[in-house]
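> Letter by letter, the chains look like this.
2 protein chains.
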Amino acid sequence: MFEEKKTEWLRIAESLKPTLHRETVRPISGIPDHALMENESIILDFGNHFVGHFTLKLSSQGSHPDAPVWLAVKFCENALELNETLDGYAGWISKSWVQQEQVHIDVLPAVFPFPRRYAFRYVKIDILALSSKYQLVIEDASAEVTTSADDSVPVPLISDEKDIAIDRAALRTLRNCMQDFFEDGPKRDRRLWLGDLRLQALTNSVTFQNYDLVKRCLYLFAATADKEGRIAACLFTEPKVEADDTFMFDYSLFFIPTLLQYIQATGDQAAKNDLLPIALHQLVLADAQFDPETQLIRDNDKLGWCFVDWALPLNKQFCAQAIWIYCAQAALQMKADPLLKEKILHRKEAARKYWYDRERYLFVSGVKRQISWASQVWAVLAGIVEGPDAVACLDAAADCPDIVPMVTPYMMHHYAEALCRVSRKTQARQVIRDYWGGMVENGADTYWELYNPENPDESPYGSPVVNSFCHAWSCTPAWFLRSGILEENA
Amino acid sequence: MFEEKKTEWLRIAESLKPTLHRETVRPISGIPDHALMENESIILDFGNHFVGHFTLKLSSQGSHPDAPVWLAVKFCENALELNETLDGYAGWISKSWVQQEQVHIDVLPAVFPFPRRYAFRYVKIDILALSSKYQLVIEDASAEVTTSADDSVPVPLISDEKDIAIDRAALRTLRNCMQDFFEDGPKRDRRLWLGDLRLQALTNSVTFQNYDLVKRCLYLFAATADKEGRIAACLFTEPKVEADDTFMFDYSLFFIPTLLQYIQATGDQAAKNDLLPIALHQLVLADAQFDPETQLIRDNDKLGWCFVDWALPLNKQFCAQAIWIYCAQAALQMKADPLLKEKILHRKEAARKYWYDRERYLFVSGVKRQISWASQVWAVLAGIVEGPDAVACLDAAADCPDIVPMVTPYMMHHYAEALCRVSRKTQARQVIRDYWGGMVENGADTYWELYNPENPDESPYGSPVVNSFCHAWSCTPAWFLRSGILEENA
Chain A
217 MFEEKKTEWL RIAESLKPTL HRETVRPISG IPDHALMENE SIILDFGNHF
267 VGHFTLKLSS QGSHPDAPVW LAVKFCENAL ELNETLDGYA GWISKSWVQQ
317 EQVHIDVLPA VFPFPRRYAF RYVKIDILAL SSKYQLVIED ASAEVTTSAD
367 DSVPVPLISD EKDIAIDRAA LRTLRNCMQD FFEDGPKRDR RLWLGDLRLQ
417 ALTNSVTFQN YDLVKRCLYL FAATADKEGR IAACLFTEPK VEADDTFMFD
467 YSLFFIPTLL QYIQATGDQA AKNDLLPIAL HQLVLADAQF DPETQLIRDN
517 DKLGWCFVDW ALPLNKQFCA QAIWIYCAQA ALQMKADPLL KEKILHRKEA
567 ARKYWYDRER YLFVSGVKRQ ISWASQVWAV LAGIVEGPDA VACLDAAADC
617 PDIVPMVTPY MMHHYAEALC RVSRKTQARQ VIRDYWGGMV ENGADTYWEL
667 YNPENPDESP YGSPVVNSFC HAWSCTPAWF LRSGILEENA
Chain B
217 MFEEKKTEWL RIAESLKPTL HRETVRPISG IPDHALMENE SIILDFGNHF
267 VGHFTLKLSS QGSHPDAPVW LAVKFCENAL ELNETLDGYA GWISKSWVQQ
317 EQVHIDVLPA VFPFPRRYAF RYVKIDILAL SSKYQLVIED ASAEVTTSAD
367 DSVPVPLISD EKDIAIDRAA LRTLRNCMQD FFEDGPKRDR RLWLGDLRLQ
417 ALTNSVTFQN YDLVKRCLYL FAATADKEGR IAACLFTEPK VEADDTFMFD
467 YSLFFIPTLL QYIQATGDQA AKNDLLPIAL HQLVLADAQF DPETQLIRDN
517 DKLGWCFVDW ALPLNKQFCA QAIWIYCAQA ALQMKADPLL KEKILHRKEA
567 ARKYWYDRER YLFVSGVKRQ ISWASQVWAV LAGIVEGPDA VACLDAAADC
617 PDIVPMVTPY MMHHYAEALC RVSRKTQARQ VIRDYWGGMV ENGADTYWEL
667 YNPENPDESP YGSPVVNSFC HAWSCTPAWF LRSGILEENA
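The listed protein sequences derive, respectively, from chains A and B.
Positions in the first sequence are counted from 1; adding 216 to them yields my numbering.
Positions in the second sequence are counted from 1; adding 216 to them yields my numbering.
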């Protein structure tokens, strides 16, 4: 499907490749005022989160250096990482993501540019070896940092100091993920994921307004759809543009609301003409997952990967049904389709019929009728439940003791959005102040991939050492605070 | 002293900087025929010792790589090093010399040139991390190797297979130490040392005959003499030419026989005119170390560092006296000087008077009258003992149970040369076959800095992990085998 279009789509995507803004930054503290000996250690603090290339300028004191300098250098997005090690790490995400290097420098003085790009605020340098005849002098440390975001962002209409701090970290998060494309995280995975893109594009629309970058990413996804026309969950751009072989039920569908949001913001009819057919095609592909009789989607095991949240016990059957409805409704806003409209109604009705516990005001999922926060949130966002029942649903969830909790900022975004949908604006605001504000209070310059206020070491990967601390899907507080959605009358 | 000459001397030295011969070599074994997973390990064998820059060509198998490759790469001069680690290393030579790197490669396929120069035959690669979604393919491994030696060496007049093998390793050693200058060891210290240069120049004269490189090194030493005109024990050429602040009594004096050897081989009168004054000046400087009454040199503690051999218990007083005599005699060959001639006679006589044990035919050293191999060897080489007494001296040493032994190939060279001096040619030949031949039997492609047949782990530095296995001062078997000195009538 769409094979004849893909070359042109890729050309358009590549024509929109941004020129990165480059800036040289230096640590605000940590450069030692004395020459360093073997086994000494320093921590440079750049004062904020940056993405870029680090350079050390080194010289020596004492005799002419008679042996190389051997350094261990670790780049940390936040202070907690400084003391983490890979000892005993057995998680399933590759430990190759941990930003730690060992380098030898043969000749001093030297300007030593590290070859890779890092995401960091702190740089820890351990002197693994020198010789006894000389000491190491750190003459300078700097980084050429990059972003494709233009820093001339509208000043938000916010006066509360905490909100200003929350907005600032959100902007920083989005900005540092904006490179050649919208990366999910500049430390890890440094890839274009559709779930992240959707929330980045949303936040971009009220901040940097770099719509060309959104357009580029939409075309990249379209150009790398598989032979059936299915849009991948994520893609790579190096060494050349190529989709990952990972598909997620929800992420493929999210191409639709992401496209809608772009077209609403820009009125770009050419992009709509190009991309609407492949967007709508995602709904068609998803249809195969529905029982034509009951109009219910398959359960977890048969559905393939539907992301929703990083909660391993989560049954995603209900959420998948709701997300299909949510995305189909977005499609209707781009193109009227009476048959699709009817199908949406049937699938909403089926969801209520089979999975709504009317007595408890809660939706269940799967054969074991699991109750999760995710199901309630998506029931509201998809409009499966509306009005007073929707309010009751979220209230009931809050009172349900055994409910499967939410894990990621990504899921928390949808929760806050659902609260806005049912006009619980104060509550939504409080979620943002407690959850994202909690990260700020924990020293975050940028928002983390994972944050559990009760367990800061939480990681779906086996160890926080591979977590990303500047992660795209966590950037939406700026959208909440700037879009007006938190206003009572919005 | 000589300050007004140094700029010109340095200019001459730099004008003789050689163009390196470059060649691309590949492993003879070890490139795996399967794709590699995390924790796998391979060993590439290049089939001989090389000095140069290593490059990996990598690709992947499986899904698009979704995480960097993290490799540990270790370069080993011989097979023993493959299993050595730095765990617990507490030696006094910097562990930064150990040729081990950790690198991350972000994008595959990749051609990854390692930035530093290594000395190696084996390259061990440990896959520290990949991801479970792909495997690593080693497409190619190669090295651009360098030497300033011209490989068109005269075929030696040797027929014995063992001698041919001994000569081959000697040539390889010298060749791989010949880079921009005569390095002491291409793994460590990669520096110009006078003690090594003297033996390299000797061997060069019957092999590569690259006299310009010898000339360059002589001018480098002259140009970097200190303000008193004292020639340093070693010097650096990077980032600019600079002498080390290490001075050795014997090494400064060895400038004289090294210059003599060069002038005898080339007849270069201009160099003689330039450099003889500073060569002779080393004798004058050394005079301050002699008691004008007894004509004996000071004992160890007051003399400063006199190298002689890496034997810590060695008392070097006698050797220092003998080496002064040896070098002064070399000076006489360049310039007649009746006063110097007389001084030599006095100092020989003093050495015999105070330190010769006539009953045992052995020379003693220091207030504790230590008997060492080094003292006997230098007594013979300096002509302090001659004729039948010289033979008796070396024989007595061989029969002396508590004698301080010889440790380095550098000292063993002088021993074999002393045997030749007393016409014990067969015995000298046997020393070469046993000692250097022993290294060949232990798999040496190039000769080691240290070799104790009874203890292969011997190191003056605290651990063999920092030993150098291609070391200049060990290259002289080619001189013995090619110069004719082993012939009965030579």
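Read the hints as simulated data drawn from the structure, not as lab findings.
Hints should not be assumed to be uniformly reliable.
[Stated by the list, open to error] To list a few chain B residues with every Cβ distance to chain A over 12 Å, as calculated:
no., residue
1, Met-217
2, Thr-240
3, Asp-282
4, Leu-302
5, Gln-315
6, Pro-331
7, Arg-333
8, Glu-454
9, Lys-456
10, Arg-514
11, Ala-614
[To be verified] What the simulated footprint calls covered on chain A by chain B, stretch by stretch (three residues with Cβ under 8 Å from a Cβ of chain B suffice, anywhere in the stretch; the number is not a length):
no., stretch
12, 389-395
13, 631-642
Each residue gets a CB set at the ideal place from its N, CA and C atoms; glycine is no exception.
> In terms of Cβ atoms, is chain A entirely out of 12 Å range of B:Arg-514?
Given that every Cβ of chain A is farther than 12 Å from that of B:Arg-514, nearest at about 25 Å, it holds.
> Report holds if the minimum CB distance from B:Glu-454 to chain A is greater than 12 Å, and violated otherwise.
violated, 5 Å
> Take a quick look at B:Lys-456 and tell me if its Cβ sits farther than 12 Å from every Cβ on chain A, holds or violated.
Violated, since 10 Å does not exceed 12 Å.
> Go check the stretch 631-642 of chain A versus chain B for me, would you? Three or more residues, Cβ under 8 Å, otherwise it fails.
violated (count 0)
> Please check whether the beta-carbon of B:Gln-315 is more than 12 Å away from every beta-carbon in chain A.
violated, 9 Å
> Compute the least Cβ-Cβ separation between B:Met-217 and chain A, then decide whether it is above 12 Å.
The assertion about B:Met-217 holds, with a minimum of 21 Å to chain A.
> Can you confirm whether chain B covers the stretch 389-395 of chain A, using C-beta to C-beta distances below 8 Å and requiring at least three such residues?
It is violated, with 0 qualifying residues against the three required.
> Far enough from chain A: is every CB of that chain over 12 Å from the CB of B:Asp-282?
With a cut-off of 12 Å, B:Asp-282 comes too close to chain A, as the shortest Cβ separation is near 6 Å.
> Check the non-interface label on B:Arg-333: least C-beta distance to chain A beyond 12 Å or not.
violated, 8 Å
> When you look at the beta carbon of B:Ala-614, is every beta carbon of chain A farther off than 12 Å?
holds, 37 Å
> Check the non-interface label on B:Pro-331: least C-beta distance to chain A beyond 12 Å or not.
violated, 8 Å
> Is the Cβ of B:Thr-240 more than 12 Å away from each Cβ in chain A?
Correct as stated: the minimum Cβ-Cβ distance to chain A is 22 Å, above 12 Å.
When held up to the earlier numbered hints, the structure conflicts with 3, 4, 5, 6, 7, 8, 9, 12, 13 and fits the remainder.
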